[in-house]
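Let the sequences and hints guide you as you build the complete structure.
Just so you know, the sequences run in chain order A and B. Numbers given in the working numbering equal positions in the first sequence, counted from 1, plus 18. Numbers given in the working numbering equal positions in the second sequence, counted from 1, plus 18.
Treat the hints with care, as some may be off.
The list treats identical chains as interchangeable, and a pair is accepted whether it falls inside one copy or across any two copies.
Straight-line alpha carbon distances no greater than 35 Å define the calculated DSBU-like cross-link-like pairs of lysine-lysine that follow [unchecked claim]: (1) K334 with K115; (2) K375 with K195; (3) K271 with K383; (4) K271 with K375; (5) K115 with K382; (6) K201 with K334; (7) K383 with K121; (8) K271 with K201; (9) K195 with K271; (10) K229 with K96.
Keep in mind that the hints were calculated from the coordinates and are not lab data. All values derive from a computational prediction rather than experimental measurement.
If you want the building blocks of each chain, they are given just below.
Number of protein chains: 2
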Amino acid sequence: MKTITRRKFSGTLARGIGASAVAAHLPLACAMKNKQTSDKLGIALVGLGSYSTYQLAPALQDTEHCFLAGIVTGTPAKERTWANKYGIPQKNIYNYKNFDSIKDNQDIDVVYVVLPNSMHAEFSIRAAQAGKHVICEKPMAMNVAECDTIIKACDENGVKLGMGYRLHSEPYTQEVKRFVREKTFGDILYVSADAAYRSTGNPNQWRLNKKLSGGGALVNMGVYAIQSAIYSTGQNPISVSAQEYSTRPAYFKDTDETITAQFEFPSGAVANIMTSHNIRANRLYATCENGWFELDPASTYIPLAGRTSRGELNFKQESQQKLQMDDFGKHILFDGPNLAPGEMGRRDMVIVEAVYKSIREDGKKQKLNFETDYGFGG
Amino acid sequence: MKTITRRKFSGTLARGIGASAVAAHLPLACAMKNKQTSDKLGIALVGLGSYSTYQLAPALQDTEHCFLAGIVTGTPAKERTWANKYGIPQKNIYNYKNFDSIKDNQDIDVVYVVLPNSMHAEFSIRAAQAGKHVICEKPMAMNVAECDTIIKACDENGVKLGMGYRLHSEPYTQEVKRFVREKTFGDILYVSADAAYRSTGNPNQWRLNKKLSGGGALVNMGVYAIQSAIYSTGQNPISVSAQEYSTRPAYFKDTDETITAQFEFPSGAVANIMTSHNIRANRLYATCENGWFELDPASTYIPLAGRTSRGELNFKQESQQKLQMDDFGKHILFDGPNLAPGEMGRRDMVIVEAVYKSIREDGKKQKLNFETDYGFGG
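Listed below in structure tokens is the structure:
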């Protein structure tokens, strides 16, 4: 870890020095594909499901400011596989029980929580208490109260907290944010955003189990649609109305299948979103005073695409996760912006709760009142 | 008018013969650009505003089964202009007071009501009572009760009634209807439809005056979005929820500015629509079990465009109004289908009333119960 970090965050001072020292003397570290160097942060992935396996770990082979230093898994069989594949030393492998001892591991600077939603708060807090910076996957937690406990733990332990909102580091999304910031097409008047996929697999998967997920389509894909509505208007919503639909109750017996929601923004802009575990759609459309822009797909892992009333968008395609983790690394190492701070994750959970409340109240509009813009300009 | 008509509709027997006889002996008729012949229906436009001026009259120069035979206007200055431009004989020119004497005019087979909404019922009924077939512009009337009086008058007088829903004759829209009918992409799961334009002109125009229009964006562009939702699912909705937004109350002081609405269909499909007089958007997107299709623009007079998950759509561009009026002509002359019967216009007004009721009840879902599909297969 670079010395600049030591000056900025006293809490990481000891580890900063230690990590460099350890790297220089441990042969095992040299087996790591994306090698630990004095200016890279060591990341430990907590939860080795498909997102860690197929997105995050591969991306960490290409990151410039961080690398895959450790893993935390509840499945012993995965320990060897991952250790062999990525050259992870045994001392950097944890399970859920001995996880707290990670506080003594100088190789690990950041803990990335990629667990089922019900475990986000617990492991984010334990990571913070171990003095590690935290990246938390979306949705931030099961409810707003849990989000508050995560933010408090990170504050109290002097560690940084970022959401796994990879799109803020993605060039098409950043271009959308630029359109909004620079009023390229004038004021945004209306946003239509759909984020949905059709689930037909194992009905017992954790995403369809409310005790593990906290909700269905809304807390999963819906967060993308909420995010789309917000970064496409550059504002926090001041109200939300919502509706729920069910067509396959035998499959979606525990969680929401399809939800539509409408947002009002301070400028007068309106957003109309749909999220679903039964429908395939992944789109963002915004119409403005002097033109329009759209992304389709707008939030998939595969390359995004987009066009505007002035023509096609065409950006270099890179791993979104690589860009995201490097941006978080730059936040810690070089005091770069935190593109998706914990407060943003909490805000989205406030919105999620308001959506569910509107549905319980037969579509009644819910007022929202946020005090900060969480760095929309970033 | 062809003799086939005489056999089908006894009410038009005398006129059918008369029209042919008159045409053969009146020199003025020969000045008409799209000439009256024995197998073409004579249409009289009632209301010579911009839609008649720039869309319907030009289209009637190219129609195969009907022609511009007469005009009905409340503005005397327009009589000479139109008579000269289109070679309309003086005896085929009426004002709102002497309109009922059109019953004795053998040149006129169809009356096309293109007046402000508040005058639709009155002139549709007077046309029916004069024994003329009726095309009524959208929205059909000010409310469902008025729609009923129009339908009753046409029934009692043995005349045909069609809505001015030109898109049912338009090839991109017909392709969408084919996708639905043939399940080209499997079942339709979700439709997003926006029909809106940004009004910044004369705030005293009749469309913004509730006494003349009956409503704002919803009864104007919203009818397109409602239609889109229905023909993209091939079903009548079983419920609707709706929300209203206002950002320019000084301009839209009398009528709705922006409305979003959500529909449920018997199959489980969901539609999410937006209509506005403050926003520019004209789109139809449907996502299905095995693909998607979209039109953008979806309901403008300018050529439509579209694409699907299998590629671009590309149809010959013709005047939508020409196609529409010729289809209505074929309905009368050759017993072709009535692609947009009065009952369809009435259904849409039932939906409009339910949307306004949902808004008054803070978004509460309104049940809908329609008994027929109004020829969706057509």
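So, going through the hints one by one against the coordinates:
Proximity of K334 to K115 under the C-alpha cut-off of 35 Å is found in neither arrangement, the shortest distances being 42 Å within a copy and 68 Å between copies. Taking the closest pair of Cα atoms, K375 and K195 come within 35 Å of each other only inside a single copy of the chain (29 Å); across copies the shortest separation is 37 Å, beyond that limit. In this assembly of identical chains, the alpha carbons of K271 and K383 lie at most 35 Å apart whether taken from the same copy (26 Å) or from different copies (23 Å). For the homomeric pair K271 and K375, the shortest alpha-carbon distances inside one copy (19 Å) and between copies (32 Å) are both at most 35 Å.
Proximity of K115 and K382 under a CA criterion of 35 Å is satisfied in neither setting, with 44 Å inside one chain copy and 49 Å between copies. In this homomeric assembly, K201 and K334 come within 35 Å of each other (Cα to Cα) only inside a single copy, at 23 Å, whereas the closest approach across copies is 37 Å. Taking the shortest Cα distances, K383 and K121 never come within 35 Å of each other, neither inside one copy (46 Å) nor across copies (53 Å). Taking the shortest alpha-carbon separations for K271 and K201, only the inter-copy value of 28 Å comes in at or below 35 Å, while the best intra-copy value is 44 Å.
Proximity of K195 to K271 under the C-alpha cut-off of 35 Å is restricted to the inter-copy arrangement: shortest distance 33 Å between copies versus 37 Å within a copy. With identical chains, the CA atoms of K229 and K96 are at most 35 Å apart within one copy only, with a shortest distance of 25 Å there and 72 Å across copies.
The earlier numbered hints that this structure contradicts are 1, 5, 7.
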